[in-house]
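Colleague: As you go down the protein sequences, you meet chains A, B and C in turn. Start counting the first sequence at 3; every next residue gets the next number (this note's numbering). Start counting the second sequence at 614; every next residue gets the next number (this note's numbering). Start counting the third sequence at 2; every next residue gets the next number (this note's numbering).
Some hints here could point you the wrong way.
What the hints assert, rightly or not - SDA-like cross-link-like pairs, simulated, lysine to any residue; straight-line CA separation at most 25 Å:
hint, chain 1, residue 1, chain 2, residue 2
1, A, LYS59, A, LEU22
2, C, LYS168, C, ILE157
3, A, LYS59, C, VAL276
4, A, LYS79, B, ASN748
5, A, LYS59, B, ARG814
6, A, LYS79, B, ILE832
7, A, LYS247, A, LEU187
8, A, LYS59, A, ARG203
9, A, LYS79, B, ASP826
10, B, LYS922, B, VAL911
11, C, LYS265, B, ARG814
12, C, LYS265, B, TYR730
13, C, LYS265, B, ASN748
14, A, LYS59, B, ASN748
15, C, LYS83, C, VAL148
16, C, LYS265, B, PRO722
17, B, LYS922, B, TYR730
18, A, LYS79, A, GLN33
Claimed, not checked - Only some residues are given here: those of chain B computed to face chain A with a beta carbon under 8 Å:
hint, residue
19, ARG625
20, VAL627
21, ASP826
22, ASP862
Since the hints were made in silico from the structure, they are not lab data. Every value quoted in this text rests on a predicted model; they were computed, and no experiment measured them. Backbone N, C-alpha and C fix where the C-beta goes; we use that ideal spot for every residue, glycine too.
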Amino acid sequence: MSAREYLRVSDLSVKYGGLLAVNKFCMSVEQGEIVSLIGPNGAGKTTVLNLLSGFAKPSGGRIDFQGHDITGSPPAKIAANGIRRTFQQNSLMFDLTVGENVRAGLHTRVSTGVFASLFYSAAFRQEDRGIRTEVDRVLDAVGLRPQRDVVARNLPFGDQRKLGIGIAIAARPSLLLLDEPAAGLNPDEGAQLTGLIRQLRSDGITIVLVEHDMRVVMGVSDRIVVLSGGEKLAEGNGHEVSTNKEVLRAYLGDGSWAMPASAHSENGQQEG
Amino acid sequence: MKEDVVRTNPRRAVLYAVVFMIACAAPLLVPGGYFLHLLVLFLIFGTLALSLSIIVGFLGELTLGQAGFFAVGAYASALLSVDQNWPFWFSLPAAGLISGLTGILVGIPSFRLQGPYFAIVTLGFSQIIGLVITNSISITRGPMGISRIPAPTLDLPMLPTVRFNTELSFYYLALALLLATVYVVRRLLASRTGHAIVAIRENAALAQSVGIDLYRYKITAFFISTFIAGIAGAMYAHYVRVVTPHLADVYYTSSALIMVVVGGAATISGALIGAFIFTIVPEILRFIEDARLLVFGVILILSIHYMPKGIGPAIAQLASRLSRRTGPSSDEVRK
Amino acid sequence: MIDLVAQLAVLGIANGVGYVVASLGLTIIFGVMRVVNFSHGEFYMLGAFTASTLIAGLGLNYLVALPLAALIVGFIGIVCEKLALAPLHDRPPLTPLLATLGLSIILLNGAELIWGASPRPVQSPFEQEIIVIGPVYLTGQRVLIMVIGAITVSLIGVFLRYATAGKLIRAAAQNPEGAALVGIDVDAVRGITFGLGCGLAGLSGGLLGATAMAYPFMGQAVAIKAFAVIILGGLGSVPGAILGGLALGLVEAIAGGLLSTEYKDLFSYAVIISVLLFRPSGLVSARQ
Chain A
3 MSAREYLRVS DLSVKYGGLL AVNKFCMSVE QGEIVSLIGP NGAGKTTVLN
53 LLSGFAKPSG GRIDFQGHDI TGSPPAKIAA NGIRRTFQQN SLMFDLTVGE
103 NVRAGLHTRV STGVFASLFY SAAFRQEDRG IRTEVDRVLD AVGLRPQRDV
153 VARNLPFGDQ RKLGIGIAIA ARPSLLLLDE PAAGLNPDEG AQLTGLIRQL
203 RSDGITIVLV EHDMRVVMGV SDRIVVLSGG EKLAEGNGHE VSTNKEVLRA
253 YLGDGSWAMP ASAHSENGQQ EG
Chain B
614 MKEDVVRTNP RRAVLYAVVF MIACAAPLLV PGGYFLHLLV LFLIFGTLAL
664 SLSIIVGFLG ELTLGQAGFF AVGAYASALL SVDQNWPFWF SLPAAGLISG
714 LTGILVGIPS FRLQGPYFAI VTLGFSQIIG LVITNSISIT RGPMGISRIP
764 APTLDLPMLP TVRFNTELSF YYLALALLLA TVYVVRRLLA SRTGHAIVAI
814 RENAALAQSV GIDLYRYKIT AFFISTFIAG IAGAMYAHYV RVVTPHLADV
864 YYTSSALIMV VVGGAATISG ALIGAFIFTI VPEILRFIED ARLLVFGVIL
914 ILSIHYMPKG IGPAIAQLAS RLSRRTGPSS DEVRK
Chain C
2 MIDLVAQLAV LGIANGVGYV VASLGLTIIF GVMRVVNFSH GEFYMLGAFT
52 ASTLIAGLGL NYLVALPLAA LIVGFIGIVC EKLALAPLHD RPPLTPLLAT
102 LGLSIILLNG AELIWGASPR PVQSPFEQEI IVIGPVYLTG QRVLIMVIGA
152 ITVSLIGVFL RYATAGKLIR AAAQNPEGAA LVGIDVDAVR GITFGLGCGL
202 AGLSGGLLGA TAMAYPFMGQ AVAIKAFAVI ILGGLGSVPG AILGGLALGL
252 VEAIAGGLLS TEYKDLFSYA VIISVLLFRP SGLVSARQ
């Protein structure tokens, strides 16, 4: 594994009831990159994310992160390695406030335990103050500071999305896996999201992005990997991928929707 | 109603202070030994209910085995003090520890499961505990139980010996223990462990994704819960001064469950309100004495239907709605 | 020795059939409502007490009182479902479970209030008769349990497979949303299912209650066995309940007779715990 190769996926496969949902998938991500995983519906993109984050166990292949073999590790252990993810459906603690949700994301950065709390030690109090400051920092980063005491259930959809990302970045992850963050967002929110993702990259977070919204994909990706039927179809930058015949056939043949002809800008696109 | 356990607002602090003062003065306010006896039972079962609320309320899993640990704690303390002459002040924490370790043993297989399966398995384990206690006659005296358990005595140098063998004396002992338990549970909730436990209840997948090891935290929560249940059992043993295998019966679990669910599973005050209702109210409504458990079964179902978060949170919600009519509205819409 | 084993085996099968009838209702209820009915034992108990009262109080013949008791208990089950469970069906799954616990408390203590705590007999003429087959001695009641048990299980099987109501129950069990979409009144199906399950529990109470006495707490011991059976057989699976019931009855009788009687009940718990840990889908995976 080369020095800058952060994440390496080798021949990753998973079988569900005899069906290969992901078949010998290979991918490598360098530190600081944003790699997008795209493909028609049912291509297995979220399954790959689940495999990377430990929510699914592979039946074959290998995942290495920063030199460690994390294949088949349970989610909490993968998170301990500095990997975080978001979920396709907003997966939040809906009955708790925004601030409390973000606090949960800080779990791995809290060091004082029950006994420190029991004796209300100085270390505990200090860390508690520090946690509040950190929560505010995260909320500022995703633009939810004014909503800190709002119960998550009462947030508008777009803000719930932001909260999900906020929880994931709270612990300053090394690798962030985003599962269709733009789904359900209007164009303005999509643009905000693009800006946020770019900001996360400049904060030093490596990102793997599963996404359908091509404006977002084109707006942030260093590289794009195309998945279809559980197999890698193509890989390259935006231009390479959007002019790849196999890719076009996978999308057009699928009947879902076509790739936009132009490769870049994220503004002024018509819907779809 | 999630209690902000690190910063209590001033109004709540005043309420707690008032409750504390009433609790200290209670023996003077009640007419006679029988009501004091009920209050002692309230304190002991309040401790048991609190232990149950850690799992049912804060972790969000239904455990049906709490009586088993109540019995383990009772028997452990009884045996240590009767057979080994341990003073109460050592047998009490030892009982908690033994009960907690039993809890870990039970938790390790049980927490591989969830929901109704977890409930059934914990029920099974508590029945096994009851069976073992009943049949290990050489140690536990079997169905006859252990009697003549000594009352706690405090023998400090230069002070008269204090014997906790009356309702009055035991009341203050049990009150001190309950307050200590409340303190411990609050501090637990404020800690990293407590936040993790609640996160598991609210969204287990999310909790895992931020690094919370579900299994480890569930077992930790169970240890704390069964530790406290064991302490409650030991208190009971040294108050009633007799223990029998019936302490492991589902009756004690059901009672604690009713207290917790009716009072409010996810709050400390809820567990205590439930315990109070369950132990004290039947005495005030004498006519339901025979049908006490039946009435509480009905109350349980009614509260599940109409006050799903329990009486405590329902009252708190009412109080905050009333105060909001008079004060500025906040954007807090707590359910 | 062979005689002893034969005796224990036959006794085990007889008990096993009793367990099957006792658990059938529980597994059907779970299949449709996805709720483990923690009051199942209490409906069993009600069956025993109702039969006892019909026989002793109204002078009915045992073979008449038995199905009548089952019907009455089934009806009580429908009422309980409508009042206590139906409003909760869209809440998180632990909520109806808690409600069945509440039902259990109400029924148990209600029974104690109505009938008192002392045991009373369920008078069956068959309990007095002894039937001898080779080295094996059986009471007529045990033979009756096997006969009625076999008939009941077959009838239920036929009902679920061919009767309209039975098909509705199976449809709702497999896919509640889909069933509602095609116009099946899932609420009614839930009520009928719960009534059916409770009626079966009551029937087994009337049957097994005649081999001992009826007392308010009798349901608690049986409930654990019923849980063991359906977990062993796979929750929701009728064939599983049959296999599981027979298996548990056999293992309990043989091991209990040869090893130790005090810890006989332990087997149910041990079964539950081992199966849930090592093969949670049960011996026969439920048709999902």
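Colleague: Run every hint past the structure and note whether it holds.
Modeller: Going down the list of hints, with the structure as the test:
no.: 1; hint: A:LYS59 <-> A:LEU22; verdict: 13 Å, holds
no.: 2; hint: C:LYS168 <-> C:ILE157; verdict: 11 Å, holds
no.: 3; hint: A:LYS59 <-> C:VAL276; verdict: 23 Å, holds
no.: 4; hint: A:LYS79 <-> B:ASN748; verdict: 43 Å, violated
no.: 5; hint: A:LYS59 <-> B:ARG814; verdict: 24 Å, holds
no.: 6; hint: A:LYS79 <-> B:ILE832; verdict: 17 Å, holds
no.: 7; hint: A:LYS247 <-> A:LEU187; verdict: 29 Å, violated
no.: 8; hint: A:LYS59 <-> A:ARG203; verdict: 28 Å, violated
no.: 9; hint: A:LYS79 <-> B:ASP826; verdict: 8 Å, holds
no.: 10; hint: B:LYS922 <-> B:VAL911; verdict: 16 Å, holds
no.: 11; hint: C:LYS265 <-> B:ARG814; verdict: 37 Å, violated
no.: 12; hint: C:LYS265 <-> B:TYR730; verdict: 22 Å, holds
no.: 13; hint: C:LYS265 <-> B:ASN748; verdict: 12 Å, holds
no.: 14; hint: A:LYS59 <-> B:ASN748; verdict: 45 Å, violated
no.: 15; hint: C:LYS83 <-> C:VAL148; verdict: 33 Å, violated
no.: 16; hint: C:LYS265 <-> B:PRO722; verdict: 22 Å, holds
no.: 17; hint: B:LYS922 <-> B:TYR730; verdict: 23 Å, holds
no.: 18; hint: A:LYS79 <-> A:GLN33; verdict: 20 Å, holds
no.: 19; hint: ARG625; verdict: 17 Å, violated
no.: 20; hint: VAL627; verdict: 21 Å, violated
no.: 21; hint: ASP826; verdict: 4 Å, holds
no.: 22; hint: ASP862; verdict: 32 Å, violated
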